[in-house]
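Undergrad: Position chain E relative to chain W; hints supplied.
Listed in order, the protein sequences are those of chains W and E.
In terms of UniProt numbering, the first sequence opens at residue 1 and continues consecutively.
In terms of UniProt numbering, the second sequence opens at residue 1 and continues consecutively.
Be aware that one or more of the hints could be misleading.
Any copy, or any two copies together, can satisfy a pair, since identical chains are not distinguished.
Claimed, not checked - Derived pair list, reagent style SDA-like, types lysine to any residue, alpha-carbon separation capped at 20 Å:
(1) K265 / H66
(2) K15 / A317
(3) K298 / H144
(4) K93 / V62
These aren't lab readings, by the way, just hints derived from the structure by calculation.
The primary structure of each chain is shown beneath.
There are 2 protein chains.
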Amino acid sequence: MHILVTGAAGMIGRKLVESFARQPQIAAQPITQLTLADVVPPPTLPSFIGQSRIVTGDIADVKIIHDLVAPRPDVIFHLAAVVSGEAERDFEKGYHVNLAGTQALFEAIRLNGMRHKWVPRVVYASSNAVFGGDFPDVIPDDFHLTPQTSYGVQKAIGELLLQDYSRKGFFDGIGIRLPTISVRPGRPNAAASGFFSGIIREPLVGQEAILPVSDETRHWMTSPRSAIGFLRRAAALDTSLLAGDPNLSMPALSITVGEQIAALKRVAGEKAVRLIRRVPDAEIEKIVLGWARGFDPKRAIALGFTSETSYDEVIRAHIEDELGGEIRL
Amino acid sequence: MHILVTGAAGMIGRKLVESFARQPQIAAQPITQLTLADVVPPPTLPSFIGQSRIVTGDIADVKIIHDLVAPRPDVIFHLAAVVSGEAERDFEKGYHVNLAGTQALFEAIRLNGMRHKWVPRVVYASSNAVFGGDFPDVIPDDFHLTPQTSYGVQKAIGELLLQDYSRKGFFDGIGIRLPTISVRPGRPNAAASGFFSGIIREPLVGQEAILPVSDETRHWMTSPRSAIGFLRRAAALDTSLLAGDPNLSMPALSITVGEQIAALKRVAGEKAVRLIRRVPDAEIEKIVLGWARGFDPKRAIALGFTSETSYDEVIRAHIEDELGGEIRL
Numbered sequence: 001m002h003i004l005v006t007g008a009a010g011m012i013g014r015k016l017v018e019s020f021a022r023q024p025q026i027a028a029q030p031i032t033q034l035t036l037a038d039v040v041p042p043p044t045l046p047s048f049i050g051q052s053r054i055v056t057g058d059i060a061d062v063k064i065i066h067d068l069v070a071p072r073p074d075v076i077f078h079l080a081a082v083v084s085g086e087a088e089r090d091f092e093k094g095y096h097v098n099l100a101g102t103q104a105l106f107e108a109i110r111l112n113g114m115r116h117k118w119v120p121r122v123v124y125a126s127s128n129a130v131f132g133g134d135f136p137d138v139i140p141d142d143f144h145l146t147p148q149t150s151y152g153v154q155k156a157i158g159e160l161l162l163q164d165y166s167r168k169g170f171f172d173g174i175g176i177r178l179p180t181i182s183v184r185p186g187r188p189n190a191a192a193s194g195f196f197s198g199i200i201r202e203p204l205v206g207q208e209a210i211l212p213v214s215d216e217t218r219h220w221m222t223s224p225r226s227a228i229g230f231l232r233r234a235a236a237l238d239t240s241l242l243a244g245d246p247n248l249s250m251p252a253l254s255i256t257v258g259e260q261i262a263a264l265k266r267v268a269g270e271k272a273v274r275l276i277r278r279v280p281d282a283e284i285e286k287i288v289l290g291w292a293r294g295f296d297p298k299r300a301i302a303l304g305f306t307s308e309t310s311y312d313e314v315i316r317a318h319i320e321d322e323l324g325g326e327i328r329l
Numbered sequence: 001m002h003i004l005v006t007g008a009a010g011m012i013g014r015k016l017v018e019s020f021a022r023q024p025q026i027a028a029q030p031i032t033q034l035t036l037a038d039v040v041p042p043p044t045l046p047s048f049i050g051q052s053r054i055v056t057g058d059i060a061d062v063k064i065i066h067d068l069v070a071p072r073p074d075v076i077f078h079l080a081a082v083v084s085g086e087a088e089r090d091f092e093k094g095y096h097v098n099l100a101g102t103q104a105l106f107e108a109i110r111l112n113g114m115r116h117k118w119v120p121r122v123v124y125a126s127s128n129a130v131f132g133g134d135f136p137d138v139i140p141d142d143f144h145l146t147p148q149t150s151y152g153v154q155k156a157i158g159e160l161l162l163q164d165y166s167r168k169g170f171f172d173g174i175g176i177r178l179p180t181i182s183v184r185p186g187r188p189n190a191a192a193s194g195f196f197s198g199i200i201r202e203p204l205v206g207q208e209a210i211l212p213v214s215d216e217t218r219h220w221m222t223s224p225r226s227a228i229g230f231l232r233r234a235a236a237l238d239t240s241l242l243a244g245d246p247n248l249s250m251p252a253l254s255i256t257v258g259e260q261i262a263a264l265k266r267v268a269g270e271k272a273v274r275l276i277r278r279v280p281d282a283e284i285e286k287i288v289l290g291w292a293r294g295f296d297p298k299r300a301i302a303l304g305f306t307s308e309t310s311y312d313e314v315i316r317a318h319i320e321d322e323l324g325g326e327i328r329l
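Extracted from the complex, chain W is given alone in its bound form (with noise of 0.2 Å):
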């Protein structure tokens, strides 16, 4: 089986690529092969025994895109996308990317498939940014979409899309709306969501974390470790199962800022929950607050998605796959 991942070289893109070397399969067919792109060098996969071949360019360049789809991979991941932040900034970017990067990939599909008869399955990374605007605290499967940003509105495009090429046969399409990710890996960055993983990611490893908002802001968040599950399902799942509608919202905690920290206490002491410095910022405050709080994802449930249930298996998770198991304080 020969999977191409598309963002290789993201958070997500890692992770993923790290499980198939670790378990090198999809719904019980051995992975032989990868095709890993980027508009920078992906890691190489010292422990892959597979084939795997690195490309790095524009997304929305067709002759690399032709050139990635022309082996005829059997899974696509296509995770590339400049992040909300950057496409809000950048509307020119954004949409290069987002949409016209989608686009492309989704075009050499059809053209190659239409000629050699080849109907991949694609596993699209959407968001939980196709919603904006006014929402319930619980967002049921069928609420509408009403993006506030750019990233949004290019990401529910991306999901229209993967609908009518799969419905016309041209793919065998599937979207991921991801939850915000916490506890995200790495350094701290400036995104506006970077505080749900600071304030746990910091303090594990003895370092200051500032927190913007209130106690009292409630969000959407699964771990690293659920969105690369739900990305690999999505690949392995009988997509007849999704009635002509492919995109799904995700299952994860809809928990606050003073629950996170609780858990964290629970996990790491009052000693980690210390190093928690609240600087409220009212600008990112009015960001979050467009943010969904929380979702009641039946259909991906019903399809076997699954989350952890509690925001301390999160952290742990996060203490053995980043950490070695061990909390640093």
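TA: Leaving out everything else, chain E in the frame of chain W:
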């Protein structure tokens, strides 16, 4: 005031342009200049006293589009589209005109607007085809879009782009989801929805009409006169009232074919009704079952959009506007 109409040679385009000849103002501003664009030459305007210019060409051709927006019209009606049946049969043509064409227009406005601080009103003709799949008898304003045709997907993407470009201030957009038009003037056509007009239009001139569905078939329809009214009102509306969601379902009549026929009998007598021949067509019946049956367009009504309140009125408007006031039975 300078008005640009794309798709000016289509039925709605022609009627809109005729309305400018009769009522050459928008929001009390005189219309002094018209640019009419389409793939075939739009009709000339003998009675329009201002300047008018006709442009023939492909709406997705960047050069043509830049030429169209270069004089910076005050209001742009974007009606150009490949219709539903054709977009379904010819995937590439549908995406070329309905998606790439819309993107090309919006980008040309953005680029020209940034250079010249020009923010025109853009009235985008969307469609009830953005709804599909399972929906209630009466669709509320916040119902989710799950189009089941390529045309519906393309129109839904246009709505998302309209919203994002408007939110970013690149233009001042408003999207009007046009209901099915009945009575559509002109000759019978092969569209699956053709009979909603044919069963009225043909009998009124003494010709037989085929009815392929049952009398209980319910649908959402309005007159060409109302459709033109919607577009003109959209051009004049205070868009700050749209509260960030520029796409609106329109008022219309939710009536059955049997109710259409009863109205025909009231307006034109039993002789007209006898010209309707029932020839059930399971395929057309199936297509029509997938279409919206009714809406609760609260937002549009609050914003002053109006439609006929009885189908008798719709038939009388057709007789006035298309038959010179005379039933030709």
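Undergrad: Against the structure shown, which of the earlier numbered hints fail to hold, in ascending order?
TA: 1
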